[in-house]
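Novice: Mind docking chain B on chain A? Use the hints.
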Amino acid sequence: GQNIDQPTEMTATEGAIVQINCTYQTSGFNGLFWYQQHAGEAPTFLSYNVLDGLEEKGRFSSFLSRSKGYSYLLLKELQMKDSASYLCAIGFTGGGNKLTFGTGTQLKVEL
Amino acid sequence: NAGVTQTPKFRILKIGQSMTLQCTQDMNHNYMYWYRQDPGMGLKLIYYSVGAGITDKGEVPNGYNVSRSTTEDFPLRLELAAPSQTSVYFCASSPQGRRGGSKLFFGSGTQLSVL
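Chains as they are written, first to last, in the working numbering: chain A, 1 to 111; chain B, 112 to 226.
One chain only, chain A, in its complex shape (with noise of 0.2 Å):
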């Protein structure tokens, strides 16, 4: 089966950077992605680690070691739109690229 713990609740300052970690276990580990979802909303991509390291996209950065279990979401120069739940998921091997959900880490930026 597949287990994923991240942090309830964050809080951070505009202007700010935040690190939301996500730590997992999981039988084939076929990638780990970083969602966003904004109260009543649906989900949208924010990021994809398959190999272990750093990937940079803008003011977003996510960050993946395999043999630790361990990936982080950064988020610089924090804006207000940023307040939302971020969903870290695990995909795993057996079919049909489905993924395994955390609970999410609801940010709140504040002034």
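Because the hints were derived from the structure by calculation, they are not lab data. Accuracy of the hints is not assured; some may be wrong.
Claimed, not checked - Derived DSBU-like pairs: lysine-lysine, alpha-carbon spacing no greater than 30 Å straight-line: (1) K125(B) to K108(A); (2) K57(A) to K68(A); (3) K155(B) to K57(A); (4) K155(B) to K81(A); (5) K81(A) to K120(B); (6) K57(A) to K81(A); (7) K120(B) to K68(A); (8) K108(A) to K68(A); (9) K168(B) to K108(A).
Since the structure is predicted, the reported quantities are computational estimates derived from the model, not experimental observations.
Specialist: Only chain B this time, still in chain A's reference frame:
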């Protein structure tokens, strides 16, 4: 492209009623999924399909049925609605995965209440 379209957006059912949540995608994706999301919980996979005529159970399939007669459509059927099925339902699609999988594209969701 419209992407993934779900209908209805909101629905209230009485216990024991049945209904079908519709999902269609216009991206020619082989893979489609139904997830449910309860408050404070992650998305849970109900059913998925890897192509027309092929469906399989996910983590929480009890009380639901699906069919996949075409590449575009993947309806979710609730036969005897129960309060435990009150949730937000998301349909998603994905192109057939390369090494390491492919990202999911989500519909806008259906908020269902069973009273």
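Novice: Look at each hint and say if it fits the structure.
Specialist: Hints and how they fare:
1. K125(B) to K108(A): With a Cα-Cα distance of about 36 Å, the restraint between K125(B) and K108(A) is violated, given a limit of 30 Å.
2. K57(A) to K68(A): Satisfied, since the Cα-Cα distance of roughly 23 Å is no more than 30 Å.
3. K155(B) to K57(A): 28 Å, holds
4. K155(B) to K81(A): 26 Å, holds
5. K81(A) to K120(B): 24 Å, holds
6. K57(A) to K81(A): 17 Å, holds
7. K120(B) to K68(A): Violated, at roughly 40 Å.
8. K108(A) to K68(A): 28 Å, holds
9. K168(B) to K108(A): 35 Å, violated
Checked against the numbered hints given earlier, this structure breaks hints 1, 7, 9; the rest are met.
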